[in-house]
Amino acid sequence: MTTRSSPPTPPASTSESDSFDAVPIPPPAHAKESSEVMKAESIGLNFFYGAFQALKSINMPIYERKITALIGPSGCGKSTFLRCFNRMHDLYPNTQYDGKIVLHPEGLNIVSPEVDPIAVRMRISMVFQKPNPFPKSIFENVAFGLRLRGISDRRTIEEQVERSLRGAAIWDEVKDRLNDSAYGLSGGQQQRLCIARSLASSPEIILFDEPTSALDPIATTRIEELMLELKKDVTILVVTHNMQQAARVSDYTAFMYIGELIEYAPTQKIFMNPGKKLTADYIGGRFG
Amino acid sequence: MQDLAANIAKRRRWDFAFGVLGALLVCLALGVLVLLITDLARDGSSRFGWDFLTSFPSRHAEKAGIKSALVGTCLVMVVTATLAIPLGIATGVYLEEYARKNRLTTIIEINIANLAGVPSIIWGLMALGVLIYQWERFLGDPNDGVAGLGRSVLTAGCTLGLLVLPIVIVATREAIRSIPQSIREASYACGATKLQTVCSHILPYSMSGVLTGSIIALSRAIGETAPLVTIGALTYIAFLPPVPFSDDAANVVKMVSANRVAAGGDAVGIAGSAWIQATAWLNSGYTVLPIQMFNWVSKPDSKFQQNAAATGVVLLAITLAMNGMAIMLRYRLRKKIRW
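Chains A and B, in that order, give the protein sequences. The opening residue of the first sequence carries number 1 in the numbering used here; numbering runs sequentially from there. The opening residue of the second sequence carries number 1 in the numbering used here; numbering runs sequentially from there.
Hints listed in this document are in silico derivations from the structure and should not be mistaken for laboratory results. Check each hint, because a few of them may be wrong.
Claimed, not checked - Some chain A residues close to chain B (C-beta under 7 Å, calculated; not the full set):
1. 86
2. 99
3. 100
4. 102
5. 126
6. 144
All residues carry an ideal CB built from backbone N, CA and C; glycine is no exception.
Looking at chain B on its own, in the form it has when it is part of the complex:
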């Protein structure tokens, strides 16, 4: 009897010790995060304000702002999301619901997992080689405004889209796998086709996981710097990409038209003009928040350091907001669906 009590007491001590250790480590991790954020916020506090968000970068630290970087980040994210989310979901659905389970799909699965771990600079090099050089070689000069990728929002969006595609695929597959097989059988037993099963059941029930994964993927993409440096994001940019069908966009058409005529071609027609006006922003130069921040950090003047800190806070705020949105979406969608 005494042995038993001693045995239990011993095991309980270990139990307790592990709990304490875990709590300490959590505090450590959270402490570092809080320290980081407060440090950034303190350094950047002097620069917070509406002006900082709505001014272009400048040689004068106190006048500089992040307008172009903020807009650039948003536009690049739009392209990234448009590319990565539909493609990732479609791939995930195909691999889980359609593909036969054989050696080829196993190889594909392993490689998708591997892709998620490829360093981002490698993606940058790939984009530089394929999206910029090879594209230009086979499809023409990006400056004619139609086929170009070059140093554009589109190139950046595609690069980041490919970078986070594996994350979306993996998240989609995990979400689909969590749907019980009995639900599929019920659907097929009613006489549903594969597409009807996917659209009526598989996609709606996995949506919380898919959306969460997508947002996590985007919040990873938003902080990426290395691949964009490789493909030539500009560090100083004092204009915004042309708004579709604005005067700026019309000027792009004039420029392209002039280039073509100079090269001995025809001027841009009505359809071409509309297309260029609508998509001119995709071919525009850009910068993004982390690159703007990197640029300011590397300047010796301490006032630019403050700008960098303030930019960091903005970037952190956006990332945290996106993660918060993911948690909220997951919570709300999960509440509706339970097994």
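If we strip away everything but chain A, and leave its shape as in the complex, we get:
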């Protein structure tokens, strides 16, 4: 069990109103700061629901401690692609992976049938579209991931829960009511609690599946600030319907269309100077 060396501090709660302005907005300044290390790589990934091929030979790198955004119209396969990373499709019958998602540094093929999906999910956690806390106390929601790893020491669990809640910028709001039901929280707080839950197990990658589509603009801003804060420690892959959001938070953007990866590039390039006409049309709002 490794613990995160430097827990992220909560981001400032005030937000500038102009963060909702239209595209394009230059990506965050620190996008080019560090040298880029590959954390994962999708190589020729195909995915099938029964006979239907939902992903067609996806080749794409995921860089460590960067935010990679997946954009595209509904049904383009971006959520399907995201859910390959923690083998979520294994929960449902008649699904089949083909190709590779290689997790670096050791080169583990995540979608190989020989790899236990639980081993993958213990390293790659997920935040869902709709906040889905367990109907338990706030504390137990975060502690769940620790308990199922067999950690029973009270102090360790308490420390990890606090660290995770601080990491998800919700500690100050819930520290006095850790034993209250998670359903007493607002939607945005619930989503940050879910982020804390996903942080508790010290993941290497966090998958965000449209994490703000059920939230109001202020809660959305807080989640976005949080993601920028989190990427100091973890690699983030985010599916979003919202192109402005991709432009605001991500370092790299992948545009998908009908199961194919059309274009992958640094976010700034995708939004300022897309290489394909289809990308330009989608970003320009001509379809989608």
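Based on these hints, arrange chain B on the given structure of chain A.
Leaving out everything else, chain B in the frame of chain A:
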């Protein structure tokens, strides 16, 4: 404009008429129930009292009581609950969370629903054939006290347990299905195994539905008469099943031991003795409230009719109390969990 008003007025009249009809039907149903209960209570009122609950049945109507039937009902219910609830929950969890959805599971599902509708007398015949005759044929004489089912509390409990098992399964599955898929995904995404997901989330969140279903199932079992008549519940019984490790239980051991020696075998050892003493009540004869009631109703003397009415009130009270408990449990557990 006038057309619109006329249209609305017409639809409102139908709305109103349906409301009135519904209210009348509810009153009718409730009225019949109230009539039934008051009639029973009036007939049986002369027999209510502590003596009635704590006396054995008797030839003399005014001395007769329901002690053995009440104890028998409680013991049979213990066996029924022990069998049907764990088995029903496990089956429900398996079918919902583990089983692949294919043709075989569809057939199983349909048949479980069908089983819930099988007439209870059929269950009685099944129990008579399988639990009593076949058991005796393959596993020996019930009177040797170890392998026997025979006319026992255990047989009755197993029969009623099987009878209500489909109800528990269906209730469990309904309760599990009401848990949103997003909760399962959240649990698995944290790295949980199936068992951890079931134990930490699926079972706790479905518990209100499962408990309600279980209690409803038991309150159905408590009133069943036909299958117990088939498998030979006694109608007149003036003793209680032996309390574990009491003198009565020790006497059972002596009897079994004597039987075995007479048959040329060895006497019962210490372990065997402890086992027989602990489980002797399961092999005991018994009667239950509805059978006692049936027995009294069929007697010509009107005083026995009063006893039957009083027994009916006791049975109704137990059933209503159980249903009340189910409602209370559901209310309390639901308050804690909402989506």
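Against the structure, the hints:
1. With a cut of 7 Å, the hint placing residue 86/A at the interface with chain B holds, because the nearest CB-to-CB distance is about 6 Å.
2. The closest approach between the C-beta of residue 99/A and any C-beta of chain B is roughly 22 Å, which is over the 7 Å cut-off, so the hint fails.
3. Of the supplied interface hints, the one on residue 100/A is violated, with its beta-carbon coming no nearer than about 21 Å to a beta-carbon of chain B, more than 7 Å.
4. The interface hint given for residue 102/A is violated, since its Cβ lies 20 Å from the closest Cβ of chain B, which is over the 7 Å cut-off.
5. For residue 126/A, the shortest C-beta to C-beta distance to chain B is roughly 4 Å, which falls under 7 Å, so the interface hint holds.
6. A hinted interface residue such as residue 144/A counts as satisfied when its beta carbon comes closer than 7 Å to some beta carbon of chain B; here the least separation is about 6 Å, so the hint holds.
In the structure shown, a violation is registered for the earlier hints numbered 2, 3 and 4, in ascending order.
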